[in-house]
Each structure stands twice: as C-alpha cells, then as structure tokens.
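Chains as they are written, first to last, in this note's numbering: chain A, 1 to 335; chain B, 336 to 434.
In case anyone wonders, no lab produced these hints; they're calculated from the structure. Each hint should be verified, as a subset may be incorrect.
[As the list claims (entries may be wrong)] A short list of chain A residues far from chain B (calculated; beta carbon distances all over 10 Å):
id	residue
1	Leu21
2	Thr52
3	Asp78
4	Gly116
5	His136
6	Ala165
7	Thr167
8	Arg171
9	Leu201
10	Pro232
11	Ile242
12	Ala320
13	Thr329
[Said to hold, decoys possible] So the derived label-pair ranges between C-beta atoms look like this:
id	chain 1	residue 1	chain 2	residue 2	range
14	B	Asp380	A	Gly110	19 to 25 Å
15	B	His372	A	Lys139	41 to 47 Å
16	B	Asp380	A	Arg207	56 to 62 Å
17	A	Glu72	B	Gly338	40 to 46 Å
18	B	Asp371	A	Glu168	18 to 24 Å
19	A	Ala317	B	Gly354	52 to 58 Å
20	A	Glu154	B	Pro341	47 to 53 Å
21	A	Leu21	B	Asp380	35 to 41 Å
[Unchecked claim] Where chain A lies over chain B, by a calculated footprint (3+ residues, C-beta under 8 Å):
id	region
22	340-346
23	360-369
24	376-384
25	395-403
Note that beta-carbon positions come from the ideal geometry of N, C-alpha and C, so glycine has one too.
Here is how the chains run, residue by residue.
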Amino acid sequence: MVTEHTSAAHGVRIATSNPSLANRWDHFLARWAVNRSGHRVEPGLYALGTPTADSPVFVTANYTLSFDALREALRGMDGYILVLDTKGINVWCAAGKGTFGTAELVRQIGATDLGGIVDHRVLILPQLGAAGVAAHHVKKRSGFKVEYGPVRAEDLPQYLKAGRATTEMRRVTFNLRERLVLIPVELVHALLPTFFAALVLFLLAGRLAALGATVSVLAGVVILPILLPWLPTTDFGSKGFILGSVAALPFALAALYNAVDLSPAMRAGWAATYLLAMPPVTAYLALNFTGSTPITSKSGVKREMKAYVPVMATLFALGALAIVVLLATPRLGVA
Amino acid sequence: MTGLSPINTLEYDIELCTGCGMCSIVCPHGVFEQTDHTALAVNPDACIECGACQLNCPTGAIRVDSGVGCAAALIRAAVVGADKVSCDPEDSSCCSVSG
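Let the hints inform the model, and build the full structure from the sequences given.
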C-alpha cells in the first residue's frame with residue numbers, strides 16, 4: 001500500500017506527522033506479514049511542515065514503518081524527508097543489501113534536485129543506514145555531507161537539540177518490546193507447516209503427538225523470543241535445545257504415566273520419541289530467529305550451524321524413525 | 336592487518352587511522368571508541384560484522400567480512416549456491432524490523 005500524499009510544487013510531496021487510521025492498519029498488516037514487500041512509500045522528496053532552504057534533510061527507506069516512525073518523531077518540526085527506493089525494505093536490512101546505499105542516495109539527490117531546494121549541504125541519515133552508505137563517497141559524488149543520526153527515530157528531537165548523539169542513542173537494543181513485535185511474523189510463517197504436521201500426527205498417533213508438534217513450534221517462535229536473554233546460554237542453538245527439552249518433558253511424562261492401555265515398553269518408546277523429536281524443532285526455529293535480531297554475526301551463525309544442524313538432523317531423524325516403529329509395532333502384533 | 340577477535344572477522348590497522356571518528360559513530364555495538372588522535376577497538380567481540388565501519392573508514396584501516404547473521408539466509412545461499420548471502424523478506428521476519 002502506498003500512503004496518501006498529495007503532490008505539491010517542484011515535485012516535492014507533502015508529509016505530515018500524523019499517520020492516519022489507514023497508516024495504522026498498514027502497520028498492523030506489516031507486523032502480521034501480510035503482503036510483505038507491499039508496504040511502500042513513493043520514493044522521492046517530502047516536505048514536512050513548512051520547510052525553508054535552511055531546513056534539515058532526513059533520509060529514510062521507502063518502507064512504511066520506517067517512513068512513519070521518522071515523520072512521527074519529527075512532529076512539530078519543519079524539514080525535508082528524502083525517501084530512498086529500498087523496495088519496501090527497512091533501513092537496516094536494505095543497508096545490508098546495499099539498496100539503502102551510496103548509489104541510491106546519490107541518485108535521489110540528483111533526481112529530486114535537492115541541491116536546488118536547500119542551501120546547505122548536510123543530510124541526516126539513520127545510523128543503521130551506515131552499513132550501506134559510505135559517507136565520504138557521498139560527499140565526493142554529491143557534495144552533501146552525511147551525518148549519522150541516532151539508531152532510533154524517536155531519539156531525533158533530542159539529537160537535534162544537542163547537536164550530537166549520546167552513547168546510548170548509538171547502540172542497537174533488542175529489548176522485550178522489540179522482540180515481542182517480531183512474534184506475529186514468526187507465527188504466520190510457522191502456521192501452515194505446523195498445521196499440516198499436527199494434522200498428520202493427529203491422524204496417525206493421536207492428540208498428544210499433534211499437541212507435541214504444536215508446542216515445540218510455539219516454543220521456538222513465541223517463547224524463545226520472549227525469554228531470549230534469560231535462557232542460560234549464549235548461542236541461539238543451545239537456547240533452543242534447552243527450551244525444547246523443557247517443552248518436551250511434560251509430553252514424555254504424559255506418555256509414560258497416562259497411556260495406561262499401552263505396554264511399558266511402548267510407553268517408554270513414546271516418551272523417548274518426544275524427547276528426541278521436539279527439542280530439535282525448537283532449536284531449528286531458534287537458529288532461524290537469528291536473522292530477525294540485530295545481535296548476530298555471520299561468523300557466529302555459521303559456527304552455530306556447523307555445531308547444531310547435524311545434531312538437530314540426527315535427533316529429529318531418530319524421533320521420526322521412532323514414531324514409524326511405534327506406529328508399526330501394534331499392527332505387527334508384537335505388543 | 337590483524338584479527339581482533341576469535342569469534343568474528345574484524346581486522347583493524349591502527350597505523351592507517353586518521354582519527355576521523357566515523358567508526359565509533361556508525362558502530363551499533365560500541366566496538367570502537369574515539370580517543371584524542373585515533374580510534375581504539377575496545378570491544379571487538381561485540382562486532383556483528385555489519386560492515387558499517389569498513390564502509391565509512393576513508394583510509395581503509397578496517398576490514399571485516401560483512402554479511403547477514405541469519406541462518407535462513409545462509410541455508411538458502413548454501414542451497415542455491417549463491418555467492419552473496421542476502422535476506423528475503425518473504426521468508427522470515429529478518430527484514431521486518433522498523434529500524
């Protein structure tokens with residue numbers, strides 16, 4: 001969805017600091033992964049308030065959540081917003097890809113005739129855009145000096161007042177609120193495969209098995225993001241294994257003590273199956289969550305994959321094999 | 336250039352540093368700290384290899400094998416044999432943060 005902005009003179013669009021109800025609805029849909037790459041703002045130059053040739057210029061991505069966070073943070077101020085075409089991707093990820101980058105910034109400066117609209121030669125960029133922009137190259141190619149503002153748009157008023165960012169403003173955080181907003185997208189992506197796995201298990205092995213599959217997924221996509229800093233290890237794979245094992249424990253106990261119509265050997269078999277198959281599912285989802293965080297490095301994730309993926313695959317294969325054997329056993333009349 | 340940390344690929348040649356201060360400004364994890372005349376790598380283990388310092392260092396004093404710390408992207412790159420690891424917003428929430 002492209003937000004509503006009426007055209008003004010010189011091709012400069014108008015922006016306000018008051019996102020509409022439609023904007024809020026768009027944010028909600030973006031958070032729930034509906035039409036992932038469709039939350040776009042038209043790239044180009046926007047006027048906020050009544051800017052003059054001396055007003056500051058802020059640069060952002062053409063993702064609605066990025067653009068709206070910026071214009072809301074600048075409430076009551078006059079300035080320009082230069083929106084780069086990042087294909088509807090946020091600043092941090094687009095910088096990583098290079099679409100929020102030197103080339104696109106220089107291109108937009110030229111396309112919007114920014115040099116003819118403002119008298120100064122300063123651009124304020126979000127700090128996280130620095131992974132895609134080389135400030136000294138922008139200066140050389142466009143004459144504009146890049147100043148990196150704070151990581152979060154909400155700190156902009158204080159940054160502008162002080163003329164500099166505090167150490168705190170320069171640090172990326174991953175607090176509970178920042179982790180919670182990611183959960184819906186993780187949930188949506190896990191929904192369909194989990195539903196089918198649970199359905200198959202329900203038909204073949206019953207309610208408890210279907211519930212086990214669902215719980216191992218929910219542990220990975222909901223509980224893990226919430227408990228992340230409090231799980232007692234440093235890497236994501238082991239955090240996932242710990243959480244998955246805790247989640248599997250009640251299922252193992254239920255299989256041992258509640259399935260009274262089965263032989264002791266069968267009950268022990270099912271208990272072992274939960275302990276084998278559930279932890280690797282949670283651990284795999286935990287490893288996948290690395291990409292949603294601003295705290296993991298490529299080296300670190302590679303190291304984790306090398307360490308944990310073989311363990312995950314082995315345990316899960318053993319668990320799946322155990323299910324097949326357990327389901328086949330009564331029919332062979334062994335039990 | 337010498338490696339600074341056993342857990343990442345960050346390298347820094349302090350001899351090339353002109354003290355412009357860009358690395359300590361762009362780093363989101365406080366790896367670099369600006370002193371009077373040079374930058375010091377005070378917390379190299381915290382580096383997440385985003386590459387911002389290398390890109391914004393005008394003298395090439397910093398080197399890092401940058402990329403995304405995302406298992407889904409690394410798996411996809413391994414599967415399709417891509418040489419450059421990138422994120423796919425359709426695939427995971429990695430590209431949904433509002434930053």
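Hint check results:
{"no.": "1", "hint": "Leu21", "verdict": "19 Å, holds"}
{"no.": "2", "hint": "Thr52", "verdict": "28 Å, holds"}
{"no.": "3", "hint": "Asp78", "verdict": "24 Å, holds"}
{"no.": "4", "hint": "Gly116", "verdict": "27 Å, holds"}
{"no.": "5", "hint": "His136", "verdict": "4 Å, violated"}
{"no.": "6", "hint": "Ala165", "verdict": "8 Å, violated"}
{"no.": "7", "hint": "Thr167", "verdict": "7 Å, violated"}
{"no.": "8", "hint": "Arg171", "verdict": "6 Å, violated"}
{"no.": "9", "hint": "Leu201", "verdict": "24 Å, holds"}
{"no.": "10", "hint": "Pro232", "verdict": "19 Å, holds"}
{"no.": "11", "hint": "Ile242", "verdict": "17 Å, holds"}
{"no.": "12", "hint": "Ala320", "verdict": "20 Å, holds"}
{"no.": "13", "hint": "Thr329", "verdict": "35 Å, holds"}
{"no.": "14", "hint": "B:Asp380 / A:Gly110: 19 to 25 Å", "verdict": "41 Å, violated"}
{"no.": "15", "hint": "B:His372 / A:Lys139: 41 to 47 Å", "verdict": "22 Å, violated"}
{"no.": "16", "hint": "B:Asp380 / A:Arg207: 56 to 62 Å", "verdict": "47 Å, violated"}
{"no.": "17", "hint": "A:Glu72 / B:Gly338: 40 to 46 Å", "verdict": "42 Å, holds"}
{"no.": "18", "hint": "B:Asp371 / A:Glu168: 18 to 24 Å", "verdict": "23 Å, holds"}
{"no.": "19", "hint": "A:Ala317 / B:Gly354: 52 to 58 Å", "verdict": "56 Å, holds"}
{"no.": "20", "hint": "A:Glu154 / B:Pro341: 47 to 53 Å", "verdict": "36 Å, violated"}
{"no.": "21", "hint": "A:Leu21 / B:Asp380: 35 to 41 Å", "verdict": "46 Å, violated"}
{"no.": "22", "hint": "340-346", "verdict": "holds (count 3)"}
{"no.": "23", "hint": "360-369", "verdict": "holds (count 6)"}
{"no.": "24", "hint": "376-384", "verdict": "holds (count 3)"}
{"no.": "25", "hint": "395-403", "verdict": "holds (count 4)"}
Hint compliance for this structure: hints 5, 6, 7, 8, 14, 15, 16, 20, 21 are broken, all remaining hints hold.
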